[in-house]
Structures are given as C-alpha cells and as structure tokens.
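Q: Let chain Y serve as the given structure and place chain V on it in line with the hints.
The listed protein sequences derive, respectively, from chains Y and V. Residue numbers for the first sequence follow the numbering used here, beginning at 3 and rising by one. Residue numbers for the second sequence follow the numbering used here, beginning at 3 and rising by one.
Do not take every clue at face value.
A pair holds if it fits inside one copy or across any two, identical chains being indistinguishable in the list.
Said to hold, decoys possible - DSBU-like mimics (lysine-lysine), calculated; alpha carbons at most 35 Å apart, straight line:
# : residue 1 : residue 2
1 : Lys59     : Lys31
2 : Lys59     : Lys133
3 : Lys24     : Lys133
4 : Lys59     : Lys141
5 : Lys59     : Lys24
These aren't lab readings, by the way, just hints derived from the structure by calculation.
2 protein chains.
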Amino acid sequence: MTTNPIPAAAPSVARLIRELNKLPGVGPKSAQRLAYHVVRLPEEEARALSQAIVDVKDRVLFCSICQNLTDTEPCTICDDPRRDRSQICVLEEPLDVLALERTGCYRGLYHVLHGVISPMNGVGPEDLRLKELVGRLEKDSVSEVIIATNPTLEGEATAMYIRRHVVPEATRVTHLARGLPVGGDLEYADELTLSRAFQGRRDL
Amino acid sequence: MTTNPIPAAAPSVARLIRELNKLPGVGPKSAQRLAYHVVRLPEEEARALSQAIVDVKDRVLFCSICQNLTDTEPCTICDDPRRDRSQICVLEEPLDVLALERTGCYRGLYHVLHGVISPMNGVGPEDLRLKELVGRLEKDSVSEVIIATNPTLEGEATAMYIRRHVVPEATRVTHLARGLPVGGDLEYADELTLSRAFQGRRDL
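This is chain Y alone, in the form it adopts within the complex (with noise of 0.2 Å):
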C-alpha cells in the first residue's frame, strides 16, 4: 500500500479514486466525483457495477473467427446464417463493430484486427490477428474483403498491408469512402477531407 496522497478522504475512498483515476479520461478531479456518486449509489447499483466488471473479465473471450470480443463461441454474428459470408469487413477494434452494426447496413462478417501497423509504436503485422485472416480466406470462399480500418496514416498503411500481402490478389478489395461528414459544414472541413471529397465526388 502507498501513502495516501488524498489525506482528507476515507482510506476506502481514496483508494477507489485511485482506481477510478487509472481509467483512461478519467482525470483525478472526475475519479473524485464518480467516487463520491458511488458512495451515494443504492447498495444493489454499486454491486451490480462492481460484479459487471469481475463478469466480464470471466466471461468475455475473442471469437475464433473473427476475434470480436464474446461471450459465446463463435460469437452471435459469425453464428448467425443470415449473415452474408461471402464479405469479410476488416476493423481496428471491437467498439469499430459497433459502430458498423449501429448503421444496419452491413449483413456480412467481420474481422477485428485489435490494432494498427504503427511502427513508431512498435506493433508490426505479426502483432495483429493478421494469420487468422489468412487462414479464412484459405477456407472459406470470400468474394469481398472491405477495409474499415481509422482514415488515419496507421489505418491506411494497414489497408495497403493488408491489401498486398493478406488478401489474394483475385479477391476484390474495398475501402470505405473518403467525403465530407453528413451534417458536417464545408466550410470547415480541412483540405485532405475536402480535396478526397472532390476526388470522389459522384454523379447526381
């Protein structure tokens, strides 16, 4: 145990601050304020929160095909039949899938990487679940392979990785469009969004 750098809080406090503040954007001021709410909260709401996280530790693992987090396996999207199987859309990470899932217009497999090329961070494509991927377009019969990974220079470096050395050269290989943000404001969109934008611009 180290010294307690909140003297004024309750040894039990300080230390679930303590925890609190590890989580990321959780700032020592907000590590305060969800203590304190959860000193506050019903006892069955602060059981029910501290057992969801010991649950999911227990309970969640990675697909074994397509590495999504789960708690069956396969998961419930490579499990179900009326998924399309013949595309394959490749993600960064499972909160990616999500977010795919949320826009309903996706019937078809995935595949998260958990992670970018990034030299400067030291992760190579050994360091993502790359071979997996090989491994099902050996097996299975793929006719589309869909890039979704960040639109970022990491993302995009992993699509061209992906697209030279995993994917059959036969296999058609698709990457999301680049455009201006629906909602979004001309005006302010910086010139790579824009000048991509244009590049793709499409017939009315």
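A: Relative to chain Y, chain V alone:
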C-alpha cells in the same frame, strides 16, 4: 433482464456498458470505451477496481461529528489533536473538504451539510446536517464558523440561513472572499465577480 440495446456487443460487455453509462458524466460513447478498457485490463487490476467499489459501500460511514465520509469513527480530521477545535468550516459536500485540505491553509475542523437549501429541488434546512451542527455549537467552544458553501444563489441562501438560524448571534461567522480567480483575466470576469472583487478591494 431487458433486451440488449447493444446487440453486437457480447452480453457481459453490454451489461458493463449499461452500468458505466449510469455514472454521472459518462455518456454512451465513454461507457463503451471504458468497458473495452476494462476488458483489456489485467485480471488483478479489474478485480481491484471491482473490489474498491464494493469496499467503499461496505466501509464508508458518516463521521458522527463532522458528517464527512470516513472509514473510522470519528474521522481522522475530527480525531486529530493538532486541529484547531475552535474553528468549524461548513461545506456543502465531502469533495469540498478534499479541495480545502489540498490548500493546506486551514487547520480547524469541518462540517459537511450534504447539500444546500434549494426550494426548487425540494431541499429544505431539515434535509441538511444542520441539527448536528447545532449540537456541536452547543457542546464545544467554537469561536468562528467559516461558511464555505458554493458562491451560488443557493449556497449564499444556505449561508444566510446558517448565520440567522443556526449559529448563536455572539459567534463570529465568516464566508470566503469573492473576487477574481488567480490566473484569471479581468477582461473575461463576469460582472458579478468583478463587482464583488471591486467591493472587496484591499490595501496593497
């Protein structure tokens, strides 16, 4: 169990997202990000967070003297013989004790109200820990009550109520100075703050 509002997430992840989403200042997006962070956390760190939540509920109680949150009875501040027992600083919330302790400028005792008088929200004087303050003022020899409620309408109304109805007339009652925040910019100060700073001007 309600239906899963995050259908693409594993049920245990979806449940954690829902629980986190209930916390103040944690929207659906932050809840997702936090949940996936917990999934990636080492086992022992997740357990430490979960345990800290349960422990805080099991161990925390209100100090019978100052009403602050504490693991011990009385709290470490009320129990500290080096604190000046002739001063009581009255605060709205336990977080305010932390804020004042961090300044290191105060060596007296505290009294936490756990709220402010707010007719709009149905909070009257009887809902605050005022009876306990009356008891202390009767029992102990207190020479100064420093009211450090927030500089809001409700905080000032509560301060006035305490001055008029709670503290004996003979006892000195002070409140914190209003003025320009240090490091702030006169140009951006609101009129009320600026006029209070002007009225409270001091000789150099």
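Q: Now, for every hint given, state plainly whether the structure supports it.
A: For each hint, the structure was consulted:
Both within a single protomer and between protomers do Lys59 and Lys31 lie at most 35 Å apart by alpha-carbon distance, with minima of 27 Å and 20 Å respectively. In this assembly of identical chains, the alpha carbons of Lys59 and Lys133 lie at most 35 Å apart only when taken from the same copy (25 Å versus 46 Å across copies). Taking the closest pair of Cα atoms, Lys24 and Lys133 come within 35 Å of each other only inside a single copy of the chain (33 Å); across copies the shortest separation is 39 Å, beyond that limit. Taking identical chains as interchangeable, the C-alpha atoms of Lys59 and Lys141 lie at most 35 Å apart only when both belong to the same chain, with a minimum of 31 Å there against 52 Å between chains.
Taking the shortest alpha-carbon separations for Lys59 and Lys24, both the intra-copy value of 17 Å and the inter-copy value of 20 Å come in at or below 35 Å.
The structure shown violates none of the earlier numbered hints.
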